Each structure stands twice: as C-alpha cells, then as structure tokens.
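Visitor: Given next are the chains, with one letter for each unit.
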Amino acid sequence: MVANLQTPGLPTQADFHAAISDRSDRWFAACLKITRNRDMADDAVQDALLNAWNKRHQFDNTARLDTWIHRIAINAALQLLRKNRPAAFEPLETDVEDDADTPETVQAEHELGKRLSAAMTHLSEFERVCFVLKHLEQWRLKEIAEEVGSDVGAVKQGIFRAVRKLRVRMGSLKGEET
Amino acid sequence: MNEDTLILYYYNDGLSKRERQQVEEAINSDAAVAANYEKLCQQLNGMSEPDSPAVPSHTVERWHDAIDRAARHERVKAQSPARSFNPWSFIWGAAIAAALAIGIGLNMTRVDPEIMAPATVPGAFTRGVQVHFRDTFQELSTLPTDSATDRSMLALQIIEQNRLFERAAEQNNSQSLARVFRAFEPVLLQLAAEDISPEDAAALQAQLIFELNVMLTKLSRDASNETDTSQPGIRT
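For the protein sequence lines, the chains are A and B, in the order given. Everything in the first sequence is counted per the numbering used here, starting at 1 for the first residue and increasing by one. Everything in the second sequence is counted per the numbering used here, starting at 179 for the first residue and increasing by one.
Keep in mind that the hints were calculated from the coordinates and are not lab data. Predicted, not measured: the structure shown is a model, and the values here were computed from it. Treat the hints with caution; some may be incorrect.
As the list claims (entries may be wrong) - Simulated crosslink set (BS3-like; lysine-lysine; CA at most 30 Å straight-line): (1) Lys-83(A) x Lys-195(B); (2) Lys-217(B) x Lys-83(A); (3) Lys-396(B) x Lys-142(A); (4) Lys-217(B) x Lys-165(A); (5) Lys-217(B) x Lys-195(B).
The shape of chain B in the complex, shown without the other chains (with noise of 0.2 Å):
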C-alpha cells in the first residue's frame, strides 16, 4: 500500500469504494500499513492552519466602507432617471474609446509579448491615461457644487470609464495603474450619493482632483524620464 493511496484515503477522496475497501482491509490486516497510517495522520493533522494574521484595521474599515458605498451606489443608480442624451456622455465615450484603442491597439500590434518585459507599460496606453486623467480633472474643477444629480451622473459616468482603463491596464500588464483605477472608485462613490452635503461634495472633489493632479505629475514625470533614457548619449 502506497504512501500516495492512503493520502487520498485520509482525504476521503479520489478513491472508488473499492479502492477504500482495500485500503481499510490492508489497515485491518497489516500492522506495517497500519502504523504508517497512523504516523500520516498524525503529521496532517499536525499541519494544522496558522493563526490568521491581524489584518489592519484600516483595511476592515475599507472593506465596511466598500459595501457601504456598493449600496449607496445601487440607490442613486436606481434612483436615477432614465437618461437622455448628454454631450458630455458623447465626448467622453469618444475620448475613451480613442485612448483605450491607441493603448490597447498599439500594445496588440506593435509589441510582442515575448519580448516585452512583464512589468513594461507601453508608452501610447500611458498617455492614454494621462489624457483621461487630465479630462477627467478638467470635468471634476468646473463641476457646480450645488448640483446632486449632475456631480452624481458624472461620478457615475467617471467609474465607469475608470473601470474600463482599469481593465486595459491589467492587460498591459500594469497592476499598479490598475489599483490606481481602483483606488479613485471609493472616493467616486461617495461623490456619486445624492444624499451627501454640499461641504462633503466640494471635499470630495477637492481630494480627487488633488490626487488626480498627483497623478498627471508622476505620469508626466515618469514619461519625461523614459523620453531622456531614450535618447542615444543621453545618460541619467
């Protein structure tokens, strides 16, 4: 009897009856079977589960938080009229379908992931984002205060589109963009609930358009970076 049966035996899985059958009759029978039986399910039990790590409390906090602004976000969605057709909606569509398409296209045709190293963002997809990011702090800095459904349509509007890049930067293998993406979505939320003050809106919109100017500097900066180690001579 093999040590590789009677591990599955343990689990009580991956053997036909018959094959258990056996397995017990050998236990039964055979003392040397019997005792490495015994000595295998004392070291499994024996890998028993660690204590759990302390999560931080933070964390929790963000993930109460998530389900909270989950539901606010199914209210206002279902609070919400139909929509009729808005220009911003249009130009913004556009935007994003051009900045997903040079990203996305560009990174399909003109880079073989064979060479690509895993961790490299092709530069067209990053001045997507930066093209976004830049509307999308143009939108949130002339967007009136004093208007619930217009700063709560366009919230919505934004996590969508920022859902959308998100999904663009996992497949140009840039987890870090992605958790950016992410990362805006609970602020968004909040910004998207109707029933919040105008005091909490305008400072919800001021973080976001700060961690959106933050974000367009490092863009920039990093692109700057690349442009110069690019330059043959040219050495940083």
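So that you can see chain A by itself, here it is in the shape it has in the complex (with noise of 0.2 Å):
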C-alpha cells in the first residue's frame, strides 16, 4: 500500500528532497521577511513542507513544487504572524512604527543586512506585509486582502505607506553612506 507515494504525477519524497535543497533558503527568507523572527520562519517552512507533503494530490503537475511550497510557506508564515501578533492584520488607523525590536529580530535584520530591511524596520506590520507580499512577492493586492483578511482599500494604503516610508528612509541612508 504504498502506491500513494509513486503515483504518477504525484510529487515523490525525492522532489520534495530536490525542492529543499534548492530553495528551502529563499522559503526561509520569504517567511523570516513576514515574521522577522526565526523561529517562527522555521516553524513556517516546516508546517509548510508537512502541509504540502500531505496536499500533494493537490498539486498541479504543470506548476514548479518549489513555487507551491514557497507560497504555502507564506501562508504559515502569515498565520503564525496572525496567531502570535494579531495587530499585524490591523490597517492603519495610526501612523505607527512596528519599534518592537526584540534581539530575535535584531538578529533576524541583521541576517537579512540589507539597506531594504534596515528601512522596512521603521515600516509598521500591516504596512511590511503588504509591502512584501506586492513587491517582492508580487502577489496581486486582491490576494492579499483576502490573506490578510481586510479590504483592497486598507491593503492599497498600507502600500502607499510603505512606499512613502522606504523611499524616504533608504534615500536618506543613501546619503549617509556618501
């Protein structure tokens, strides 16, 4: 009985092992963007691998694995963010900073050490889940108001905002390098 694990067209064991070698970094990178904590990226990556091992019948042959598990893992990622830090899902209503830096994501920013994660830290939560799912996962703003379960509205302005922010903040680092 273990036909299910070689049906054909299913993903085997070692495409799901091929897809972690490949990409499990850029899984972890994607969730550690949402959450801007390890622990929960880990936990997401492997919820996400479990998830998508036990869904497999569901995946569509012509679509790449890694490409799916990558946006399951966001998936789990935004759920572990909405479970442990639920004013993430608030649209603004304030302009506030998320300043909450804990050493876990100090350390997380600092891994990440780039000019476009020392500006998204000055980005509130709402405003840095927007801004990663558009712009660097490109998800469509219908997307992700259903994901982040608000209005096209709230998650357009969440946009804008951080748009605003990240040009300002990253010009302004600019001139402090030269």
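Build the complex from these two chains, which are given one at a time in their own frames, with help from the hints.
Guide: Quick look at the structure:
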C-alpha cells in the first residue's frame, strides 16, 4: 500500500528533497521577511513542507513544486504571525512604526543585513506585510486583502505608506553612506 | 497625477484599464509626471530582495527528516491493520479528554482574556500537560521493544494526542509548550516506523523517556515556583 507515494504525477519524496535542497533558503527568507522572527520562519517552513506533503495530490503538475511550497510557506508564516501578533493585521488607523525590536528581530534584520531590511524596520507590521507580499512576492492586491482579512483599499494604503517611508528611509540611508 | 496612482501603475495592479490609459497619457505628455515616474521606478527597482539569510544546515536537515518521517508515517498508517478496541486507547482518550477539558474549560470560564497576560498559561492546563507527560512516560517505559506493531501503534497514538495538546497549548497562549509538543513529533514518527531495528527503537524510546523526564522536572519546578510566589508573605 505504498502506491500513494509513487502515484504517477504526484511529487515524490525525492522531489521534495530536491526542492528543499534548492529552495529552502528562499522559503525561509520569505517567511523571515514576513515574521521577522527566526523561530516562526523555521516553523512556517516546516509546517508548509508537511502541509504540502499531505496535500500533494492537490498539486498542479504544470506548476513548479518549489513555487507551490513557497506560497504555502508564506501562508503558514502569515498564519503564525496572525496567531502571535494579531495587531499585524489591523489596517492603519495611526502611523505607528513597528518599534518592538527584540533580540530575535534585531538578529533577523542583521541577517537580512541590507538597506531595504534596515528601512523596513520603520514600517508597521501591516505595512511590512503588504509591501513584502506586493513588492517582493508579487501577489495581487486582492490576494493580499483576502490573506490579511482586510479590503483592497486598506492594502493599497498600506503599500502607499510603506513605499513612501521606504523611499525616504532608503534615500536618507544612501545619503548617510555618501 | 499623484504618487499613489503611479505606484499602482508601476505594480500594474489596482487600476482600471481607463485609469492606466490616463496615466500613460500623462507620462507621455507631461515631463514632470514622466520624471516623477522615472524616479519612482528607479527607487522601487532598487528595493530589491536582500540576499537570503543562511539557513543552518541542521535546520535544513530537520526539514529533510520531516519529509522522510511523514512519508514513513504514511506507509506505516497504510500498512497498519484496522484497529480493534484497545483498552489503552480508551484510557488514553479519557485521560486526554479530561486534561483538555480541565485546561481549556477553566481557561474559557475563569480567565478573562483582557486580564490574562498573553504569556500566562493557566495552571490547570499545565497540570493537564503534566498528567499527559507522566502517562506517556509510563507507557513508554513499559513498552516492549520487540513488538514493532505495538510500538508503532503507541507512537502513533501519542502523536495524535500530542497534536491535541499542541492545539490546546496554542489556545492557552503557550507557544513554548506547543513547540515542545512539535519537537517530540519527529522522534515519535521514527519510533512509529516498523522497519527500524529493536536497538534503534530502544535508543529512541530512551531518548523520549529522557526528554519527558526533563519536561516533567521543568513543569514541576515551574509549578512549585508559582505556588511559592503566590503565597502571601513569601518572597523569592
């Protein structure tokens, strides 16, 4: 009765291993950008892998397995974030920066270690999630709104504010360097 | 033409066809809009994805292992005969239900979520976890390593129960306990595999017993600290 591990068309154990070897760093990075927390990013990837394995019969063979898992990992990261920091999904009423830096988030940012990451620490959680999903993950506005349980208008505002802040922050960081 | 519209134009999302045409016309006909848009594009293109952080090799190994175990678990499950009534199952089920009922029930009825600090875990829930760990500890201690089927069935049963507790821990705002339950799963899945040698099974069994013992000690210590500090006049 091991046929379900070898059904033609279903991704195999070897396919999953290959995807982990090739792309798990990108899944982790994407989850880290969403959560800013290593443990949550780690959990998100593991949850995503097990979820993808258990639901592999739903996998569309015309798609890429690693892309599919990437998407599941992002969803898992969003779920964990929602569970741990529900405020991240509150649309913006006030222009509050996410200043809740913990050693973990500082370490996470240090690891991301780039100007964008540094500038992103000045975004609120909602702005960061919207920006990451739009700019780095290329999700549609509607998809983001559905995932964060908000409306397209609020997501747009989140992105506008994020871009505005990042343009200012990255401009000033560039100025500091020169 | 405001910046927000240009941002949506850049992302090719959130504008109607008509609105896109209007932006295009403005960019083509108005030098100031064109300059603004060019600057915006430069800046947004510059916001490129940072290099991926290095993932520790042991973490990647764990992800590989998770897939192997899930596959093995699936095979074991597929090969296992239909379960008949097992008194263990009944006792386990009753203990778990009682522990969950105590943990979640008290949390729902006695703890006001507005008053309860996010990291606070109700004592009743912790005690339920202790009972579960103690029972698991005893079951594993007396489990014969030469019966692969019994070993596998017990491991699968513990996994199922741990998942219930993991969910309950999350509902009780204890991410750390939830992580503990998750951490047990890979070892239990290994133990559930019927194709491992009795020596490997014994080693896994010993590892689990050791870790359960550590957890029981830790929970007892935490509970005792809580009792000490809750008594009036006693300061630690």
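Visitor: If a hint holds in the structure, say so; if it does not, say that too.
Guide: Hints, one by one, checked against the model:
no.: 1; hint: Lys-83(A) x Lys-195(B); verdict: 38 Å, violated
no.: 2; hint: Lys-217(B) x Lys-83(A); verdict: 38 Å, violated
no.: 3; hint: Lys-396(B) x Lys-142(A); verdict: 47 Å, violated
no.: 4; hint: Lys-217(B) x Lys-165(A); verdict: 15 Å, holds
no.: 5; hint: Lys-217(B) x Lys-195(B); verdict: 23 Å, holds
In summary, the numbered hints that this structure violates are 1, 2 and 3.
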